[in-house]
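Novice: Based on the sequences and whatever the hints tell you, model everything.
Number of protein chains: 2
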Amino acid sequence: MTNAATGLAHGRRRETNPHRPQTAELTRELEMSVGYVLRRAQLAVFADFSARQSEGAVSRPGQFALLAVIGRQPGVTQTQLCAALGIKRANLVVAIDQFERLGLVRREQCDIDRRANRLHLTPAGTQALSRATDGQRKHEARIATLLGANGRRVLIELLNKLRTLSEVAA
Amino acid sequence: MTNAATGLAHGRRRETNPHRPQTAELTRELEMSVGYVLRRAQLAVFADFSARQSEGAVSRPGQFALLAVIGRQPGVTQTQLCAALGIKRANLVVAIDQFERLGLVRREQCDIDRRANRLHLTPAGTQALSRATDGQRKHEARIATLLGANGRRVLIELLNKLRTLSEVAA
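Protein chains in written order, with the numbering used here: chain A, 1 to 170; chain B, 1 to 170.
Hints are computed from structural coordinates only; laboratory data are not their basis. Just so you know, these numbers come straight off a predicted model, no measurement behind them. There could be a bad hint or two in this list.
[Claimed, not checked] Quick list of simulated restraints, FRET-style, between CB atoms:
no., chain 1, residue 1, chain 2, residue 2, range
1, A, GLU100, B, GLY56, 36 to 46 angstroms
2, B, GLY56, A, ALA90, 41 to 51 angstroms
3, A, ALA83, B, GLY148, 25 to 35 angstroms
4, B, GLU31, A, ALA116, 19 to 29 angstroms
5, B, ALA24, A, PHE46, 18 to 28 angstroms
6, A, GLN22, B, ALA170, 26 to 36 angstroms
[Unchecked claim] Calculated cross-link-like contacts (lysine to any residue; reagent style SDA-like; alpha-carbon spacing at most 20 angstroms):
no., chain 1, residue 1, chain 2, residue 2
7, B, LYS88, A, GLN22
8, B, LYS161, A, SER50
9, B, LYS138, B, LEU43
10, A, LYS161, B, ARG28
11, B, LYS88, A, ARG60
12, A, LYS161, A, VAL37
13, B, LYS161, B, GLY86
14, B, LYS161, A, ALA144
15, B, LYS161, A, GLU167
16, B, LYS138, A, GLU29
17, B, LYS161, B, VAL37
[Claimed, not checked] If you want the ones that stay clear, here's a sample from chain B, every Cβ over 12 angstroms from chain A, calculated:
no., residue
18, ARG28
19, GLY56
20, ALA95
21, ASP97
22, ASN117
23, ARG131
Glycine is no exception: its CB is placed at the ideal position from the N, C-alpha and C atoms.
Specialist: And the structure:
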């Protein structure tokens with residue numbers, strides 16, 4: 001049954017109601033900025049990464065990156081991880097603490113300097129990384145399908161340029 | 001004075017020491033994934049945004065986006081903001097609470113449903129947005145300088161494609 005005045009089914013509000021600004025209208029200017037669009041893209045990518053992971057210890061890209069580097073370089077220190085991944089020590093320690101509690105990572109104590117702890121995956125950690133890698137590959141394959149090989153290559157180039165932003169003359 | 005054995009100045013450790021894996025080596029595989037490179041680029045962009053802001057209430061891109069949308073659409077509701085910006089209600093409420101405490105935003109109470117609060121910038125909020133916009137424009141200009149007009153356009157296209165990632169057939 002439709003509303004005689006609006007021609008719309010009962011309960012539907014016409015989208016052009018001036019008291020209900022369109023979502024797109026609200027962000028029209030923001031959509032012209034790289035910073036905003038980059039953030040929205042990252043939200044979508046983050047969500048897809050998580051959606052491709054099976055139940056387990058790895059649900060976020062950052063967790064995957066940590067396990068992957070430790071797996072690739074057994075004995076890597078927390079300091080090296082921070083430098084390699086661009087993460088703050090405080091955040092790294094929290095993440096490694098969690099992995100240690102879950103039995104995925106073990107710290108090889110260095111008595112002289114606690115900062116020099118070398119990190120290793122346990123057998124359970126190696127398994128978790130293997131499962132997480134399967135999901136991460138599915139996720140990256142979906143991105144490749146969406147962008148095409150050339151689009152993907154160009155995107156990586158442009159993103160890598162952006163990483164040098166601090167070097168641009170003020 | 002150099003070390004006779006290594007030819008390096010005293011105190012310098014040769015970068016090829018096998019016990020000190022190169023930072024780049026640690027992340028070689030991650031650097032081939034869009035997800036990782038996207039995140040590293042976003043860290044750089046976030047840092048530059050903050051660096052171009054003068055002392056004040058806006059230090060993060062998300063705070064800028066909120067003030068910008070409220071400024072553009074006085075009376076916008078919290079629900080509309082969440083939908084427009086893709087942020088969780090809980091996080092939005094925290095941010096608006098902080099803006100309210102700082103005297104930049106006021107809530108127009110709706111007695112029937114607290115969720116329908118309409119938001120407005122105060123005069124101080126309008127000033128804060130104006131200053132933040134100056135900084136945001138400098139930031140975006142640096143990005144444009146770095147990427148060039150074409151690079152910028154292509155990057156935005158590719159990032160917008162990424163935003164549709166959830167629609168890719170599993």
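Novice: State for each hint whether it applies.
Specialist: We went through each hint and held it up to the structure:
{"no.": "1", "hint": "A:GLU100 <-> B:GLY56: 36 to 46 angstroms", "in the structure": "holds (40 angstroms)"}
{"no.": "2", "hint": "B:GLY56 <-> A:ALA90: 41 to 51 angstroms", "in the structure": "violated (25 angstroms)"}
{"no.": "3", "hint": "A:ALA83 <-> B:GLY148: 25 to 35 angstroms", "in the structure": "holds (30 angstroms)"}
{"no.": "4", "hint": "B:GLU31 <-> A:ALA116: 19 to 29 angstroms", "in the structure": "holds (26 angstroms)"}
{"no.": "5", "hint": "B:ALA24 <-> A:PHE46: 18 to 28 angstroms", "in the structure": "holds (24 angstroms)"}
{"no.": "6", "hint": "A:GLN22 <-> B:ALA170: 26 to 36 angstroms", "in the structure": "holds (30 angstroms)"}
{"no.": "7", "hint": "B:LYS88 <-> A:GLN22", "in the structure": "holds (19 angstroms)"}
{"no.": "8", "hint": "B:LYS161 <-> A:SER50", "in the structure": "holds (19 angstroms)"}
{"no.": "9", "hint": "B:LYS138 <-> B:LEU43", "in the structure": "holds (17 angstroms)"}
{"no.": "10", "hint": "A:LYS161 <-> B:ARG28", "in the structure": "holds (17 angstroms)"}
{"no.": "11", "hint": "B:LYS88 <-> A:ARG60", "in the structure": "holds (17 angstroms)"}
{"no.": "12", "hint": "A:LYS161 <-> A:VAL37", "in the structure": "holds (16 angstroms)"}
{"no.": "13", "hint": "B:LYS161 <-> B:GLY86", "in the structure": "holds (16 angstroms)"}
{"no.": "14", "hint": "B:LYS161 <-> A:ALA144", "in the structure": "holds (11 angstroms)"}
{"no.": "15", "hint": "B:LYS161 <-> A:GLU167", "in the structure": "violated (28 angstroms)"}
{"no.": "16", "hint": "B:LYS138 <-> A:GLU29", "in the structure": "holds (15 angstroms)"}
{"no.": "17", "hint": "B:LYS161 <-> B:VAL37", "in the structure": "holds (16 angstroms)"}
{"no.": "18", "hint": "ARG28", "in the structure": "violated (8 angstroms)"}
{"no.": "19", "hint": "GLY56", "in the structure": "holds (18 angstroms)"}
{"no.": "20", "hint": "ALA95", "in the structure": "holds (15 angstroms)"}
{"no.": "21", "hint": "ASP97", "in the structure": "holds (21 angstroms)"}
{"no.": "22", "hint": "ASN117", "in the structure": "holds (15 angstroms)"}
{"no.": "23", "hint": "ARG131", "in the structure": "holds (17 angstroms)"}
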